[in-house]
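There are 2 protein chains.
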Amino acid sequence: MLFLALSGSLRRASIHSAVLRAAARLAPPSIEVHLCAVLGDLPLFNPDDLDAPGDAVQRLWRAVAQADALIFASPEYAHGVSGTIKNALDWLVSFGPFALQPVAVINTSPRAHHADAALRETLTTMAARLVEPASVSLSVLGAHLDEDGLVDSPELAPAIRALLLALADGVERARGLDAALPRHAL
Amino acid sequence: MLFLALSGSLRRASIHSAVLRAAARLAPPSIEVHLCAVLGDLPLFNPDDLDAPGDAVQRLWRAVAQADALIFASPEYAHGVSGTIKNALDWLVSFGPFALQPVAVINTSPRAHHADAALRETLTTMAARLVEPASVSLSVLGAHLDEDGLVDSPELAPAIRALLLALADGVERARGLDAALPRHAL
Numbered sequence: 001m002l003f004l005a006l007s008g009s010l011r012r013a014s015i016h017s018a019v020l021r022a023a024a025r026l027a028p029p030s031i032e033v034h035l036c037a038v039l040g041d042l043p044l045f046n047p048d049d050l051d052a053p054g055d056a057v058q059r060l061w062r063a064v065a066q067a068d069a070l071i072f073a074s075p076e077y078a079h080g081v082s083g084t085i086k087n088a089l090d091w092l093v094s095f096g097p098f099a100l101q102p103v104a105v106i107n108t109s110p111r112a113h114h115a116d117a118a119l120r121e122t123l124t125t126m127a128a129r130l131v132e133p134a135s136v137s138l139s140v141l142g143a144h145l146d147e148d149g150l151v152d153s154p155e156l157a158p159a160i161r162a163l164l165l166a167l168a169d170g171v172e173r174a175r176g177l178d179a180a181l182p183r184h185a186l
Numbered sequence: 001m002l003f004l005a006l007s008g009s010l011r012r013a014s015i016h017s018a019v020l021r022a023a024a025r026l027a028p029p030s031i032e033v034h035l036c037a038v039l040g041d042l043p044l045f046n047p048d049d050l051d052a053p054g055d056a057v058q059r060l061w062r063a064v065a066q067a068d069a070l071i072f073a074s075p076e077y078a079h080g081v082s083g084t085i086k087n088a089l090d091w092l093v094s095f096g097p098f099a100l101q102p103v104a105v106i107n108t109s110p111r112a113h114h115a116d117a118a119l120r121e122t123l124t125t126m127a128a129r130l131v132e133p134a135s136v137s138l139s140v141l142g143a144h145l146d147e148d149g150l151v152d153s154p155e156l157a158p159a160i161r162a163l164l165l166a167l168a169d170g171v172e173r174a175r176g177l178d179a180a181l182p183r184h185a186l
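Protein sequences, first through last, are from chains X and H. Numbering follows the numbering used here, with no gaps: position 125 of the first sequence is 125. Numbering follows the numbering used here, with no gaps: position 21 of the second sequence is 21.
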């Protein structure tokens, strides 16, 4: 299974990107986690350009279409989602293959809730399948760990591995549901 | 007084930009409304670049510092703020002159509330002074009016003029408050 990981921060030392890179290293052999590198290259969303989107938008679309599920880890800025993650989602609102995708939202700061709630609301509105057992709070902010520290952490590494398995389970369940649906409903 | 108007949509035929351009034409002689043209040129926010921001960020900062108040009109995309408006705010979070600015938030679609609430939450978190009498819902979406139609509308034109006056009143009140505060508290 291929999971596309989207970090809402462009900071080089971003803990959100670090969590997703750690997830890539902690994944079992049956799961591959690709960090989506294109978010920082996207233009700001303009509905006028949807008919002829540039190269970065097309790369995002291809990556989403090829993935079996998506994982989000994104900072909270001023009690809101980051502009970067919302801009990526704005480009995906009308992109058919996004709908019904199983998604996991990692909240890296259990004390912050505004951005987490807003991201969940937007994803559900976009008809993504939010996999709750995979959408966990990890006390990463304040733990002062980098990618290596996360991979070695006796608390966080198993939690990251568990959420990947929960998301894989969500993918299997979604496939079961889709197989049971009449074709025209998909 | 100089009001800086920020539209959260880059669409050429954006009703949000049209409302703000109409406001510029409907303003009384004592008020000048400048549409902020730089939002679409901003790079995606990266905290690593705050020390040496590019030209577009500096133009945004200068425009905000020069304004007596800000007016926002922004679309709701998938039950969230537009990435474009949040990206601009992300660049302003740590910009000192933004704090204590009187702001008005126009909701162009009274039936939509997620983005309006999220924008207000973020602005208040950033210590802006939300001027409630100037932050109104206008039934613009669905009215099928362009900028000229708005300026000529017997319902909407007076409402737009009234919110400008309410914002000017908010600026006066803020100045009164600031004058009454000890200097070191500002």
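Think of the hints as simulated: they come from the structure by calculation, not from any bench. One thing to keep in mind: the hints can contain errors.
Some, not all, of what chain X presents toward chain H, calculated at C-beta under 10 Å [unchecked claim]:
hint, residue
1, D41
2, F45
3, K86
4, T122
5, L123
6, S139
Some residues of chain X that are not near chain H, with every Cβ distance over 10 Å (derived) [to be verified]:
hint, residue
7, L35
8, D48
9, Q66
10, G80
11, G96
12, A118
13, E121
14, T125
15, R129
16, L145
17, R161
18, A174
19, G176
20, D178
Just so you know, these numbers come straight off a predicted model, no measurement behind them. No residue lacks a Cβ here, since even glycine has one placed at the ideal position from N, Cα and C.
Hints, one by one, checked against the model:
no. : hint : in the structure
1   : D41  : holds (9 Å)
2   : F45  : holds (5 Å)
3   : K86  : holds (4 Å)
4   : T122 : holds (4 Å)
5   : L123 : holds (8 Å)
6   : S139 : violated (21 Å)
7   : L35  : holds (16 Å)
8   : D48  : violated (6 Å)
9   : Q66  : holds (22 Å)
10  : G80  : violated (4 Å)
11  : G96  : holds (14 Å)
12  : A118 : violated (6 Å)
13  : E121 : violated (5 Å)
14  : T125 : violated (4 Å)
15  : R129 : holds (15 Å)
16  : L145 : holds (19 Å)
17  : R161 : holds (29 Å)
18  : A174 : holds (20 Å)
19  : G176 : holds (27 Å)
20  : D178 : holds (22 Å)
Checked against the numbered hints given earlier, this structure breaks hints 6, 8, 10, 12, 13, 14; the rest are met.
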